[in-house]
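Participant: In order, the protein sequence lines correspond to chains A and B. Here the numbering used here is used: the first residue of the first sequence is 1, the next is one more, and so on. Here the numbering used here is used: the first residue of the second sequence is 1001, the next is one more, and so on.
Derived by calculation from the structure, the hints in this document are not laboratory data. Small disclaimer: the values here were computed from a predicted structure and weren't measured. Among the hints, erroneous ones may be present.
[Stated by the list, open to error] Over the 10 Å line for every Cβ pair with chain B, so calculated as not near, a few chain A residues: (1) P52; (2) P62; (3) P92.
[To be verified] One-sided and incomplete, this derived list gives chain B residues near chain A with beta-carbon spacing under 8 Å: (4) D1110; (5) H1158; (6) Y1239; (7) I1242; (8) L1463; (9) P1473.
Beta carbons: idealized from backbone N, C-alpha and C, even for Gly.
The residues making up each chain are set out below.
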Amino acid sequence: MDFTRRETVALGGAAVLTFVLPFRANAATEDLINEFTGGAELADSGVELDAPEIAENGNTVPISVSAPGASAIMVLAAGNPTPPVATFNFGPLAASQTASTRIRLAGTQDVIAIAKLEDGSFARSAKNVKVTIGGCGG
Amino acid sequence: MISRRDFLQVSMAASALVGASGFGNWSRLAAQQALTQDQLLQFDTFGNVSLIHVTDIHAQLKPIYFREPSVNIGVGDNRGVVPHVTGAEFRRLYGIDDGSPSHYALSSGDFSSLAKAYGRVGGLDRVATVVNAIRADRPDALLLDGGDTWHGSYTCYHTQGQDMVNVMNQLRPDAMTFHWEFTLGSDRVTELVESLPFAALGQNIFDAEWDEPAELFPPYQFFERGGVKIAVIGQAFPYMPIANPGWMFPEYSFGIRDENMQMMVDEVRAQGAECVVCLSHNGFDVDKKMASVVTGIDVILSGHTHDALPEPVLVGDTIVVASGSNGKFVSRVDLNIQNGRMMGFRHKLIPIFSDVIDPDPEMAAVIDEQRAPFTAQLEEVIGQTDSLLYRRGNFNGTWDDLICDALMSEREADIAMSPGVRWGPSLIPGDDITREDIWNVTSMTYGKAYRSEMTGEFIKIILEDVADNIFNPDPYYQQGGDMVRIGGMGYRIDVRKPQGERITDMTLLKTGEAIDPAKNYVVAGWASVNEGTEGPQIWDVVEAHIKKLGTVSVQPNDSVTVVGA
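This is chain A alone, in the form it adopts within the complex (with noise of 0.2 Å):
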């Protein structure tokens, strides 16, 4: 990226909610949730997401999910202006239920996965990733 500092400073007075605010999975979230799962119960465990703890570049953030025998795993940024992130079908021929992508995130955020197991259940993960000004290591 290409900012002058005083653009970056700029960008990062644009950023102000994600710290006076942190963002927390909200009513439009459940929703969501509710829609895919039809309001059944979420177990903790039946599925795994891989995310870093404090992005490196909040823009192109790496996660990864896996859910052994799920159908479907629904990934959502419950802070962003819009929480979908892309919904991964998985037919029964799949080798492995897994996928990965990069992700945009607009602060320090939950993301959630939530997978349709092969029994019909359902199974959530969350992990709460930070994007931060930086700037200050040892």
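Assemble the complex: chain A is given as a structure, and chain B must be docked to it using the hints.
Facilitator: Relative to the frame of chain A, chain B by itself:
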């Protein structure tokens, strides 16, 4: 059958009884005259493997003063436990007598007078003497360098790290990992790494585009020592592109990647590793957490947070060793490895008292050779100091108070910001301030001193952001530096609050008025991670300021009120 854990605990207890941790012998020597090189080096060789650890040297070739912090707050599970214990409390914890050599080496308090009594510490010619002595006991000891080696001095800057590479090659390490090295830029890092006669390791150094392990940095290296197959796994600083300018090394991605670490441990164990050592630049609290998540590591040699601990910390079956910074200490860890298990260890943190340990003549010659072309520039006296100048501490140190004053005065700013780095030696009252001294606390490849306007609101965002990088209760979210130093402004911080709520009562010191979130303030600072930062180099700003002052006297700084510690 006795479990591995029982063995470790027996060994720990035995250590305490016979002083085999190496601690307690030299600590009780009351006076400098009583301290000898033989005592510092005394070690009953143990087991079948010896590790020698140096880390965070920050290009300090010559003996220096280095004051340890008096404020180093731990949060969450690390509240009140080492390394977050300082000063007199630290001495009580380890049974260190006030005024003893260990008081001076390991803790803050009465620093200036003890510095006059015990003299400077470090110097890589002295470190070479210690390494050679350990190798005389155990010729196949492994020497491991935890990184932050090619950064931090006038000569290192002007030779782009070549001086340190030449000196370390003379010391003959077996492996190294990295942090500030990357701020030389990826082209220079590649050039230097390709020239190294030893392994450059980092299981968490990935190609940013392909998200695959970077070819230049293998995850691990095997060594056969004392009949034991040892795997050393490297762990570079996880937050390099965040804490330092990522645009200088855009090809690389880092992160903690503890799942990959577990895969590497499993992989080396499957290949027959009987002993697994992690050479880490995570920082101490991150290493402790990693040791609790990843199984199968025997020893973590920990770097980055510059902590010096006289005994390893045991996490599960892993020992975590902290070896200080700036060439002030060398750790020796002897291990007894039997049938693929660590059955016991013996450890000693050796303080490099430069007046007690003889310089190694060959190393001294190599060091002189690196410095010779720059002697005149290095030795030029810029001013004097009446005050102790030091950096370490969570919120401020007198060096940074002086740097902030220089920024406000030379750049005509309301507020100054100086990065919370932990490197940089100390000077004691009465010392000359040479150009070398100024570079020792400012040298970096992105040192330009910017001047810009920021709203009160944005200043708060910066403080909240940095504070969360230090005081987040989960160590995996900590970057391991200290709080950004602020000149011209006071504030109150509650370290136990969440991000966004820690900082209150921001006050512009020159007027005594509260900072207005909507108002613009002129802020001068340095070490911006943004590309294209403009301004004079920070060392020139500080030099000009000290020249004008002649003699520096730093006033006590109580502009930060800390609660929740």
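Participant: Compare the structure with each hint and give your call.
Facilitator: Results for each hint:
Separation of P52 of chain A from chain B is inadequate, the least Cβ-Cβ distance of about 5 Å not exceeding the 10 Å criterion. At roughly 6 Å from the closest C-beta of chain B, the C-beta of P62 of chain A falls inside 10 Å, breaking its exclusion from the interface. Here P92 of chain A stays apart from chain B, with its beta-carbon at least about 28 Å from theirs, past the 10 Å limit. Against a cut-off of 8 Å between C-beta atoms, the interface hint on D1110 of chain B is violated, since the closest Cβ of chain A lies about 25 Å away.
The beta carbon of H1158 of chain B comes no nearer than 23 Å to any beta carbon in chain A, farther than 8 Å, and the hint placing it at the interface is violated. For Y1239 of chain B, the interface hint holds, the least distance from its beta-carbon to any beta-carbon of chain A being 6 Å, beneath 8 Å. Look at I1242 of chain B: its Cβ gets to within about 4 Å of chain A, closer than 8 Å, so that hint holds up. Given hint, L1463 of chain B at the interface with chain A, is violated; its Cβ is 10 Å from that chain's nearest Cβ, farther than 8 Å.
Annotation: interface hint on P1473 of chain B violated; nearest CB of chain A at approximately 12 Å, more than 8 Å.
Hints 1, 2, 4, 5, 8 and 9 from the earlier list are contradicted by this structure; the remaining hints agree with it.
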